[in-house]
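Undergrad: Just so you know, the sequences run in chain order A and B. The numbering of the first sequence is numbering that gives the first Met the number 0, which starts it at 0 and goes up by one. The numbering of the second sequence is numbering that gives the first Met the number 0, which starts it at 0 and goes up by one.
Fair warning: there could be bad hints in the mix.
Since the list can't tell identical chains apart, any single copy or any two copies may satisfy a pair.
[As the list claims (entries may be wrong)] Quick list of in silico lysine-lysine cross-link-like pairs, DSBU-like style, CA-CA up to 35 Å:
#1 Lys102 / Lys231
#2 Lys287 / Lys199
#3 Lys163 / Lys287
#4 Lys312 / Lys243
#5 Lys185 / Lys102
#6 Lys84 / Lys116
#7 Lys108 / Lys231
#8 Lys163 / Lys115
#9 Lys163 / Lys13
#10 Lys102 / Lys243
#11 Lys163 / Lys199
The hints are simulated quantities; they were obtained by calculation from the structure and are not laboratory data.
Number of protein chains: 2
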Amino acid sequence: MNKTILLAHGSGGKLSHELLEKNLLPPFSNPLLDKLDDSAVFEFSGRLAFTTDSYVVNPIFFPGGDIGKLAVCGTVNDLAMSGAKPLYLSVSLVIEEGLLIEKLERIIKSIKAATKKAEIIIITGDTKVVNRGNADKLFINTSGLGIIPPQLDISGANARVSDKIILSGNIGDHGMAVMSQREGLKFSTPIKSDCAPLNKLVSQMLEASSQIHCLRDPTRGGLATTLNELAKQSNVGITIEEEKVPVAEAVRAACELLGFDPLYIANEGKLVAIVDSAHAESVLAKMKQNRYGTNASIIGEVTSDHPGRVIMKTRLGASRIIDMLSGELLPRIC
Amino acid sequence: MNKTILLAHGSGGKLSHELLEKNLLPPFSNPLLDKLDDSAVFEFSGRLAFTTDSYVVNPIFFPGGDIGKLAVCGTVNDLAMSGAKPLYLSVSLVIEEGLLIEKLERIIKSIKAATKKAEIIIITGDTKVVNRGNADKLFINTSGLGIIPPQLDISGANARVSDKIILSGNIGDHGMAVMSQREGLKFSTPIKSDCAPLNKLVSQMLEASSQIHCLRDPTRGGLATTLNELAKQSNVGITIEEEKVPVAEAVRAACELLGFDPLYIANEGKLVAIVDSAHAESVLAKMKQNRYGTNASIIGEVTSDHPGRVIMKTRLGASRIIDMLSGELLPRIC
Numbered sequence: 000m001n002k003t004i005l006l007a008h009g010s011g012g013k014l015s016h017e018l019l020e021k022n023l024l025p026p027f028s029n030p031l032l033d034k035l036d037d038s039a040v041f042e043f044s045g046r047l048a049f050t051t052d053s054y055v056v057n058p059i060f061f062p063g064g065d066i067g068k069l070a071v072c073g074t075v076n077d078l079a080m081s082g083a084k085p086l087y088l089s090v091s092l093v094i095e096e097g098l099l100i101e102k103l104e105r106i107i108k109s110i111k112a113a114t115k116k117a118e119i120i121i122i123t124g125d126t127k128v129v130n131r132g133n134a135d136k137l138f139i140n141t142s143g144l145g146i147i148p149p150q151l152d153i154s155g156a157n158a159r160v161s162d163k164i165i166l167s168g169n170i171g172d173h174g175m176a177v178m179s180q181r182e183g184l185k186f187s188t189p190i191k192s193d194c195a196p197l198n199k200l201v202s203q204m205l206e207a208s209s210q211i212h213c214l215r216d217p218t219r220g221g222l223a224t225t226l227n228e229l230a231k232q233s234n235v236g237i238t239i240e241e242e243k244v245p246v247a248e249a250v251r252a253a254c255e256l257l258g259f260d261p262l263y264i265a266n267e268g269k270l271v272a273i274v275d276s277a278h279a280e281s282v283l284a285k286m287k288q289n290r291y292g293t294n295a296s297i298i299g300e301v302t303s304d305h306p307g308r309v310i311m312k313t314r315l316g317a318s319r320i321i322d323m324l325s326g327e328l329l330p331r332i333c
Numbered sequence: 000m001n002k003t004i005l006l007a008h009g010s011g012g013k014l015s016h017e018l019l020e021k022n023l024l025p026p027f028s029n030p031l032l033d034k035l036d037d038s039a040v041f042e043f044s045g046r047l048a049f050t051t052d053s054y055v056v057n058p059i060f061f062p063g064g065d066i067g068k069l070a071v072c073g074t075v076n077d078l079a080m081s082g083a084k085p086l087y088l089s090v091s092l093v094i095e096e097g098l099l100i101e102k103l104e105r106i107i108k109s110i111k112a113a114t115k116k117a118e119i120i121i122i123t124g125d126t127k128v129v130n131r132g133n134a135d136k137l138f139i140n141t142s143g144l145g146i147i148p149p150q151l152d153i154s155g156a157n158a159r160v161s162d163k164i165i166l167s168g169n170i171g172d173h174g175m176a177v178m179s180q181r182e183g184l185k186f187s188t189p190i191k192s193d194c195a196p197l198n199k200l201v202s203q204m205l206e207a208s209s210q211i212h213c214l215r216d217p218t219r220g221g222l223a224t225t226l227n228e229l230a231k232q233s234n235v236g237i238t239i240e241e242e243k244v245p246v247a248e249a250v251r252a253a254c255e256l257l258g259f260d261p262l263y264i265a266n267e268g269k270l271v272a273i274v275d276s277a278h279a280e281s282v283l284a285k286m287k288q289n290r291y292g293t294n295a296s297i298i299g300e301v302t303s304d305h306p307g308r309v310i311m312k313t314r315l316g317a318s319r320i321i322d323m324l325s326g327e328l329l330p331r332i333c
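Make the full structure from the sequences, and use the hints.
TA: Have a look at this one:
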């Protein structure tokens with residue numbers, strides 16, 4: 000019995016098949032996956048959303064999640080941000096030789112739990128192993144497929160002047176949780192990652208109104224970078240109010256201590272919605288009923304002034320230009 | 000001007016956007032990709048094939064190809080092995096800090112050339128950067144989508160007794176090319192990888208006959224492992240004749256010198272087809288007209304004897320059980 004991953008687990012030969020049959024396939028068994036052909040095959044008719052992300056977070060376990068949960072939620076959320084109902088996932092592992100199989104099993108369990116929560120199934124996958132020192136424990140790629148209801152048109156290019164900007168909750172939790180785990184920092188109130196699947200929140204929001212113009216999850220680069228992307232893509236200005244942006248006290252304190260700005264810290268269970276102003280309150284009310292939206296608030300609006308730019312009204316009443324993240328605050332945050 | 004990849008290129012912020020807008024997006028511009036939303040969205044109706052693979056080949060440049068060409072061809076071939084016409088590709092890069100941007104550009108060019116040849120377009124992607132020493136230059140994940148014609152049913156589970164086994168050409172070229180590049184070995188006849196997209200070969204084969212039961216590309220683990228997978232999946236015996244399996248002289252010599260068996264060496268531009276015996280000759284004739292099938296031959300047949308096992312009749316007239324690859328011959332071959 001091997002306790003660690005060997006190069007031969009990635010050979011395509013006997014040990015690869017054993018790893019598949021013993022560890023990787025049973026938790027995810029379904030008719031499409033179980034065929035074990037080079038591609039998974041299914042009938043589809045409608046509008047398909049397709050997305051991919053590689054996850055390289057360090058450390059692979061952190062308060063509130065691990066790389067497995069992150070790899071499922073991150074890709075599910077990218078589908079949801081197009082208004083898609085997530086359907087199918089691929090999972091591809093790049094494992095460093097020497098990883099404890101017990102750790103891999105914990106991550107597989109976590110992937111399983113996250114797929115269940117997000118109601119998505121894994122239908123195809125791949126496993127590679129690289130020599131010790133040629134990767135860092137485990138990288139995971141997930142690609143996702145989802146179906147978009149007819150007529151729905153959600154895009155970063157669709158923000159319109161006078162739309163409201165809704166943020167689904169506190170910012171900075173994921174980044175600061177990973178950072179404090181990585182650096183061995185202890186805070187009196189432990190910070191947990193917000194890593195979560197947002198697809199049900201999105202479907203509830205769409206029940207409240209079809210006038211949701213843009214959706215995006217502020218991951219790498221944080222809220223500031225996401226708002227800049229949306230302002231540029233839609234060629235509109237965005238104004239937000241500092242006091243409306245919720246930040247947990249522990250995250251604010253940790254950021255102040257370490258010299259970070261929560262606006263630039265990654266989130267993995269939050270979304271920004273840009274919504275027709277007449278519909279914003281009803282969307283917000285619906286969001287507050289979902290456990291991932293209890294802290295949602297309208298943080299600003301879309302303007303015709305300063306197209307492509309984001310301006311924040313500070314607590315002190317000043318206006319500050321909020322730029323994209325420049326440089327790298329926290330590498331390998333997702 | 001940065002000459003190397005920095006951690007900030009993976010931050011999601013300014014340098015990430017610059018890398019995208021300057022290097023990564025322009026070569027692949029198309030209306031689906033250019034939208035730059037979290038998911039690519041398109042209409043689809045029919046039978047969809049979905050596959051994923053991560054590529055970690057070392058070195059990233061080798062005779063006959065590089066990791067970019069490999070990442071396109073490998074996934075295109077996985078789609079083709081389901082009988083699918085490849086349509087769309089995702090590309091996700093995990094880059095080691097310090098990679099020369101000039102090298103990344105060469106690989107992007109190579110990805111571009113391969114997608115053109117395979118007539119597939121890239122519609123979504125992702126880029127991560129990890130600290131120096133936490134990956135080895137570049138890993139690439141590609142996931143692919145393709146459409147399967149109605150009625151077509153190709154699966155590793157479909158081999159039937161008396162079917163013929165067709166191999167599309169010489170085996171062992173890719174593995175020995177990568178190995179000799181990695182180890183700095185020189186042979187009088189240089190060995191080049193066979194890395195190639197096989198989708199057109201497959202569509203021509205399907206024009207010749209719809210009685211193609213299984214298709215698989217013998218990559219990791221080589222021809223021996225692939226035949227074992229098919230024998231097990233279909234629960235049939237497979238018998239092949241050693242003298243019918245084509246091996247280039249240089250590859251045979253290199254294998255003998257280094258103690259490798261070409262049956263276990265990876266290929267990246269070859270396929271195994273299991274075809275109804277009455278149709279095998281016409282499929283073979285069609286294959287020989289394609290540049291990737293000129294050396295195709297019928298190497299054996301499916302039997303009711305020894306289900307789940309592969310037997311090879313040697314040149315000397317003996318019968319030898321051919322097992323799956325055990326252990327690891329050549330790590331990071333793809």
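Undergrad: Now tell me if each hint is right for this structure.
TA: Tested hints:
{"no.": "1", "hint": "Lys102 / Lys231", "in the structure": "between (42 Å within a copy, 30 Å between copies)"}
{"no.": "2", "hint": "Lys287 / Lys199", "in the structure": "within (13 Å within a copy, 53 Å between copies)"}
{"no.": "3", "hint": "Lys163 / Lys287", "in the structure": "within (16 Å within a copy, 63 Å between copies)"}
{"no.": "4", "hint": "Lys312 / Lys243", "in the structure": "within (10 Å within a copy, 77 Å between copies)"}
{"no.": "5", "hint": "Lys185 / Lys102", "in the structure": "within (24 Å within a copy, 41 Å between copies)"}
{"no.": "6", "hint": "Lys84 / Lys116", "in the structure": "both (13 Å within a copy, 33 Å between copies)"}
{"no.": "7", "hint": "Lys108 / Lys231", "in the structure": "between (40 Å within a copy, 28 Å between copies)"}
{"no.": "8", "hint": "Lys163 / Lys115", "in the structure": "within (33 Å within a copy, 43 Å between copies)"}
{"no.": "9", "hint": "Lys163 / Lys13", "in the structure": "between (57 Å within a copy, 25 Å between copies)"}
{"no.": "10", "hint": "Lys102 / Lys243", "in the structure": "neither (40 Å within a copy, 45 Å between copies)"}
{"no.": "11", "hint": "Lys163 / Lys199", "in the structure": "within (21 Å within a copy, 50 Å between copies)"}
In terms of the numbered hints stated before, the structure departs from hint 10 and from no other.
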